[in-house]
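Asker: Here are the chains, one letter per residue:
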Amino acid sequence: MRFWRVIEPHIGFLLQGFALTIAACLLAIVGAVLLGALTASMRSSGNRWVRGAANAYGDVFRNVPFLVQLFFFFYGLPELGIYIGAFETGVIAMSIAGGAFVSDVILSGIMTVDTGVIDAAKVSGLNRVKIFTRIVLPIALRVSVRPMGSVLINLVLTSSILSTITVNELTGAAKIVAATTFKPFEVYAVLLVLYASLTTLLSFAISATHRRLNRFMMGG
Amino acid sequence: MIVAENVEKRFGDALVLKHVNLRVEPGEVVTILGASGSGKSTLIRCINGLEALSGGKITVDGHDVSTKAGLVAARRASATVFQLFNLYPHMTALRNITLAPIEVLKLPKAEAEARARALLEKVGLGAHADAYPQQLSGGQRQRVGICRALAMQPRYLLLDEVTSALDPEMTGDVLRILAELAADGTTMVFVTHEIEFARHISSRIVFLEQGELIVDLPTAQFFAEDGGLAVPRIRQFLSKMKKD
Amino acid sequence: MRYADFTPYDIVLLLQGLGVTLALFIGTTLIGLAIGLLLAVVHHYRIPGCRPVIVLVTEALKNSPVLVQLFLVFFGIPAFLHIRMTPVEAATLTISLNTAAFAFVVFRSGIESIDRDQIEAAKVFGLDRSQILRFVIAPQAAAFSVGPLVGILVNQLQVTSLISVIGVFDLTKIGNILNLRTLQPFIVWAVIGLIYYLAAKTLALAGSRVEAALRKSVKWGGI
Ligand SMILES: Nc1ncnc2c1ncn2[C@@H]1O[C@H](COP(=O)(O)OP(=O)(O)OP(=O)(O)O)[C@@H](O)[C@H]1O
Ligand SMILES: [Mg+2]
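Protein chains in written order, with my numbering: chain A, 1 to 220; chain B, 221 to 464; chain C, 465 to 687.
Bear in mind the hints are in silico, worked out from the structure with no lab data behind them. Glycine included, C-beta positions come from ideal geometry on N, C-alpha and C. Some hints could be false.
Quick partial rundown of chain A residues pointing at chain B, CB under 8 Å, derived from the structure [stated by the list, open to error]:
1. LEU126
2. VAL129
3. ALA179
Just so you have them, the derived chain B footprint on chain A, three or more residues with Cβ under 8 Å [claimed, not checked]:
4. 111 to 122
5. 133 to 141
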């Protein structure tokens, strides 16, 4: 059919772009979870300055368009003498933006952790860091699989914006193919369906993961 | 030895513990009795440092629980079993038991697991090492809770109404284990509403009344007509318990 | 002085960009909410054959990048249908449909959440189908929907920044221009970000006011 005829000669190139998209999203979700966990722990801290700083970070990065954030880093970092590639810049920007959302997710997960369970961990002599990393966080993450999944799906959609800073991930690759084939409709229609299938698949995987991880958890 | 001197605890305006004095020597089983809301749980939570004192002092083997270093040492010396088990829901029974020995006592994993399996075997749960709390009955969960406490090889075991969330049959299982521990010479501070059981295993009984420790007697004397029963409030409490 | 420093005229540029962003945001919001509501009503009345199409299209819009949607509309449709389309037209069409897809979900669950009993009650009072919709379903669905809708709109405001990529002279595009001219990315993008931030906060505040007022009036005049 006509769509396949347009895409077929460029399938290898598009797959490379797809691989780059996956790589960016995987790295960014790891970064976002690390940053989000750190921010969530800061937001549940007793020190109001620590809490305030963490809240401000979440607030700012959720209310400024990602494109603006991306340009800020892409054009701004070299000003500071930090020269990293566009891909790395994109991953960092996605991690920072994602972290703002992940911290919300983790924080509400933390709220669900039974205080009795934390008491048990305290009296057994575990220190604060261990209680957070071994008890509170793992429980919070388990109940957060679904909302965390939405963050991941949003990261996949957001990753297309990296094409604006010369990263040839899936959308960037498609742009090139559209320009060389003069068939933008076919290329972008296929691209849209591809993204939609990918995110739909992801949401199924997330539901399955949620069920598996919470198999034995109370109230999950 | 656990020593509480003039312990005072407030929640806001409410004075929940008033000048409580208590000593628990190694080898003793001390039962805390008292009506609901009299402050039994609060006293236990002050001993294991889950609540900060408003006044007075608690030491465990000489370690002051109100200092940071003292609390760490005091928590090494004691272990707590909770009314609602408070097991870690995301870990198997075995992991629940080995977590603190590995992380706090720095025991090698293999040794911690061997110790945990032996404990589970002892409480009749040898086959359930890999079960998650959600897969266990209440009585089984509480037995895991006891194993978790024992795995720390504590000198003092603090137990707060550990059977009151269980049905009678499961209560029997748990009490049997506690009786064995008492017979082995484990030091216990025990909050319970199981009067007969308390009478059976305790060396001493103390009675809390609205935050005040009004009676502290050896078990036999506590139940004697000219001892505890001579106190009207205790007579009333015991007869009410019998009825329930 | 490096390259070209900031000039007072840049304020005018920024305001122009903000004007374009807000105009496009308001326009697409109105169109998008209208389409979303229409879709929800069509969906509610089970008009034959419409349900699967509506669900499929809205899901595709929600689950694919807006940037790709913009490219499809701006580059793809003109090439395919041999028509001309300006960046503003493409942006308006795309963002409106995107907003509609998200609004549809909110309106649908708003309609579903309304108690069957109340519809029964309305029937007892002798109201017909459209009266039920106007007097019973719509006001309540509106009150229930405002909270989630505000969340969506705050998000869509940020999404409008993408239209700069197809050449609309919105606030982000002005940022690009100033960035290239002054080579002061930190200042430029911080200012642009701040303006977006303030706009988002204002929108969220206004939304929560409207929500509070609506909830009050629904309770007060409740049928
Ligand atoms: N965290 C808290 N904040 C405020 N008040 C509290 C708190 N914990 C306990 N209290 C109050 O302290 C008093 C003693 O409570 P405590 O739980 O120690 O009683 P208890 O003797 O264990 O009762 P029960 O037999 O019902 O378990 C009660 O009046 C209770 O309401
Ligand atoms: Mg109690």
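Asker: Confirm or reject each hint.
Answerer: Hints, one by one, checked against the model:
Because the closest C-beta pair between LEU126/A and chain B is about 6 Å apart, less than 8 Å, the hint holds. At its closest, the beta carbon of VAL129/A sits 10 Å from a beta carbon of chain B; the interface hint therefore is violated under the 8 Å criterion. Among the interface hints, the one on ALA179/A is violated; its C-beta lies about 50 Å from the nearest C-beta in chain B, farther than the 8 Å criterion. Beta-carbon proximity to chain B at under 8 Å applies to 7 residues in the stretch 111 to 122 of chain A; the threshold of 3 is reached and the given coverage holds.
A count of 4 residues in the stretch 133 to 141 of chain A with a Cβ less than 8 Å from any Cβ of chain B is obtained; the coverage claim is therefore met, three being the minimum.
Figure legend: structure checked against the earlier numbered hints; hints not met, in rising order: 2 and 3.
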